[in-house]
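Student: Put the complex together from the two separate chains, hints included.
The primary structure of each chain is shown beneath.
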Amino acid sequence: MSKALLYDATICIGCKQCEQGCATENNLPYSDSIAAEEKQSEHKFTAVLTRGDKFMRRLCMNCQDPACASACPVAALRKTAAGPVIYEEGRCMGCRYCMLACPFNVPRYEWNKLFPRVRKCTMCPNRVAAGKQTACAEICPTGATKFGERDELINEAQQRIRDNPGQYVKHIYGLNEVGGTSVLLLSGVPFDQFGYSADVPTEPMPLLTSRVLSKVPDVVMLGGVLLGGIWWITNRRDDVAAAEDCEKNSAFEDKKRGQDENGKA
Amino acid sequence: MAKPRFGFWSVILWIVMVLGGYSLILRFARGLGASTNMTDEFPWGLWIGFKLFAVALAGGGFTIAAVVHIFNLKRYRPVLRPMILTAFLGYSAFICSLIIDLGRPYRIWHPVVMWNDHSVMFEIAWCVMLYTTVLALEFAPAVLERLGWQRALVWLRGVMIPVVILGVILSTLHQSSLGSLYLIVPGKLYPLWYSPLEPVFFFVSALCAGLAMTVFESWHSRKAFGKQLEQSLLTSLGRVLAVALSFYLALRFVDMVHRGVFHLLLLPRTETYLFLLEIALLLIPTLLLFQRRIHQNPTALYFCSVLTLLGFVTNRMNVAITGMEASSGTYYFPKWTELAITLSLVAGAFAIFWLAVKYLPVFPPAHETHLAQSARVAAPSAAASPAVPELTHAGS
Ligand code: SF4
Ligand code: SF4
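Keeping their order, the protein sequence lines are chains A and B.
Be aware that the first sequence starts at 1, since it is given in the numbering used here, and climbs by one per residue.
Be aware that the second sequence starts at 1, since it is given in the numbering used here, and climbs by one per residue.
Here chain B stands alone, though its shape is the one from the complex (with noise of 0.2 Å):
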């Protein structure tokens, strides 16, 4: 039963890659004019909104290395390396569709050597380096794993502490300055959205993304491999997911009383539709999951985490998009090279992701599961029988 899905989602990945690629040359080729809706009055578009989005999504790398590494909530300690490897992809994402964006790529280099620290796009050159590096480190133990590389994992093992930290460090800025990056904007922002506050919100809406984005990869994962992770630790992450999201729904609420902006969800305008859209997403799951047949019943769950997830693009491409549209005194809407490319970065980091859990060890790292553990991990899904030898497989 599982072949034909694989083979259905297998064709969509190759159409979605060759039509990418065929973008990728167009862009290279002809230059940003002919292979985007961008213009003058729009400068920013798809891809900027999809570099936020793909940022957010990494959030969950942070938070779950501080919760494991600082905090030594060791319970958490299984979701860590898919949140670690989700983050990594969010961040290769990110500079990919960098290197597409930016007019003159091969010049991408060039903040490191040429300064202007009053620039938040500065902060941001920086800290997407350092933090891809670190990520690239917190990782590395997966591979060094399955190559059996014992020295290096004990060295790695060593500097881990310093690196976490300063890897918690590096998204916190990093986070919250793609919030910042709008603060510059006043009068060009849609008020539902411009608000000073929007460097706080970029980075609670990253926690919450990342924690929807482990459920939602639990589940798939559990789908083609039969590898998960256990449910009391789901249910955790849904509960701290459900206040999460009440958090970031309260600040937002209580930033728009302040700046007195109500009256607009009153005009009939696409902003506050799509504002409306945003809410909608964030809210209905933050209700379910906080009730307790939601949250213990694995595909309520990722119903939620889904909603969370597409509430979060919507946000994104809010800011990116939709907010800008109006002062600049035109319609941007991306021309289809432009969603190409989008949708093969993401199309290749699923390909990656996939490939990575299929071959390493990431999800439940074995070399860590008890016995027991691995035990009470088949149990509740016995029909999916594969979990045990996968996981033995792992651990040999």
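Only chain A is shown next, with the shape it has when bound in the complex (with noise of 0.2 Å):
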């Protein structure tokens, strides 16, 4: 079954023991002036945001029918069946398709390398495959961030806000936006105030594009016939044309022989 993460704002103290965890999984620097920045970028990919008192952790959302694998022409992220998605360095050709296509803009770019790789929060895989939590959900201290299976931790989720519906935005984010994510957020402030979008779409992304490739055989097959077809056509009329030609031309010698021939006579 396919695991997730349930990032729960309201519980959260903004400790940024997250930020932390995820800095030694994935080897990248970490330090005050790192904490201190407030987006995700190249060497951080997750970010505790701070608004006040509230707070709202962004990371890849690893979605269930991601853009991002969608776009990719080389397979490079992928989608694996245990929930995260995944990155394969070796086979990225550095077109940064995925940074376009991905709705919460989470992929970033080695810009200052010159053999840049794409970065991005990849739910642990290693882990997961060894039936570990992820870093994140491991370390943080309030349980703010847990990992369990997708659908335990939707029926969970459910239950906080109908036991606190005070407390919470009527709304698990994640749950259908964009058909599906694996990491799911619950605030008690509207999600749009951590850049959050509020409208995108519920339907998987990859169908805005897939509906128009999958008539690519089509177009091939019924073009191809059809400009056949009509060279035939327009062809045939010239070979037509060219026989008539050379039949009156064939009749008119004829008849100038049949006049010789009855001069001579």
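Simulated from the structure, these hints should not be mistaken for lab results.
With a straight-line Cα cutoff of 20 Å, these simulated SDA-like cross-link-like pairs (lysine to any residue) come out:
#	chain 1	residue 1	chain 2	residue 2
1	B	K335	A	E110
2	A	K39	B	E41
3	A	K215	B	P196
4	A	K16	A	N26
Tutor: So, in structure tokens, the structure goes:
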């Protein structure tokens, strides 16, 4: 079954332990100044945003049907059955279409390197494969970030909203957004205050392009037949014209020859 | 009189080339960060816009190949080679800028073996590879004739029809797929441009841009070499362009009606102004081209083609840059290095075109020009007498 993360902003205390755990897991630098950076970057895969006494995590949503993976021409990004959306560096050619396609603007690029990579949270695929929690969930002291089965986490999130309706916005972000994501969010304030767009479509983004792409074989087939047919007709017309010309000429010559012979006779 | 003009342009050419060369070194020695203004928030910049446009200009290639080879409209034969050459150069420019733009250009071949058939970019990669080959084959006769390799010519003629059919299909797919690239960004591309019909717009506009490009080239090659297309042919191209442009604009209009986005035009925003500029640049030549005295006058026709081309440059840049800016939350303007590389690619393409026209039978293919016809070509431009010797020279 597919694993997921549930982040509950109302329990979060903004300690940024998850940032620290993520940096360690992914061999990224971490310091006070990096902790103060409130955005995802090529050296920071998750960021805890602070607005007054409210917090919100940003990270790759590890979508169920990811736009980035559908966009990547060489399948460097891929959704695994276990949940993580992984990145195979050896395939990537750096077209950056994934960055354009991601509805949450997650993938980052190593602009200043000569051999740049795309960087993003990949939901600790090795840990998940080994049956462990993600680094951020493991380190979280309050349980604001929780790792588990997606279905179970959804039930739990619904239960929390039901138990404390006054405390939550009545919405689980990631339940239906872009067809569902493996990161689920709960919050006490509207999500768009933290840059989580309220109007992302609820259908999977890849549908937008696959609808068109699925027509490609038809275009090839029908186009080939149609163009070939038109060529046959127009060319045949030429052939016929040429043949007629030919006939006329030979008829004319026959006649001439006949006259000549008559003359001789 | 032709001399100083040529001198001026070659100085410009050299300046652009030197700056472009320096930028190119910077790009490969220091990386994309140092040589461009692209950022995580704005990962696709000027070079993408340029690629979209270079391919649009190439739209003439498949249109005319279909018209001449498939629909068998022989009248348009003289247009064939300049268009195919333009298309080939457009695609070459695309590939060059792709190599520069890719983070890891040495992996450009990856889509050949690493497949993802859900990706528009994957489709594009294949279309570019195949169609560039097709274009090379379609243009090869001009080179082979010059070299006098008869056997290769005969062989090529034998496979030409399947090659042309393949080419038309491939470029239909490719032109539209460049539009499909943007289907996946409904929340990011400004609604004046985002449309589910984007692939269709890209396809139709490529037809228009290709036609405009033919008129444009013919005018310039008359200036430079006295080689050009017959006025009656240019007039019909102008008429076809008028109809194609009207169709394109009508399509955009209908689409906007259905999506109900006209109220956006009331907002005083950069997007609105640039959108209006784009439409104006396309609407003016459309209206003009329907008039008899315009499409029969070479200079007026040329003027219209320039407007049309500028209109489509604006359109592609709007889709690639203007329309993506608001949602990205940043401001993007290309760095001088990005501009220099783009301009030197354009200049390079023009220079190669110029050389090809000079040394290869590109304009009125002499081997098929009947004497009577060449006399007619020469007659209206009797002043530009080199037309006749040039033609006979190419024929011999
Ligand atoms: S949030 Fe973006 S990068 Fe992450 S899986 Fe979804 S589409 Fe891909
Ligand atoms: S930049 Fe790399 S990972 Fe992203 S779409 Fe291109 S090839 Fe795929």
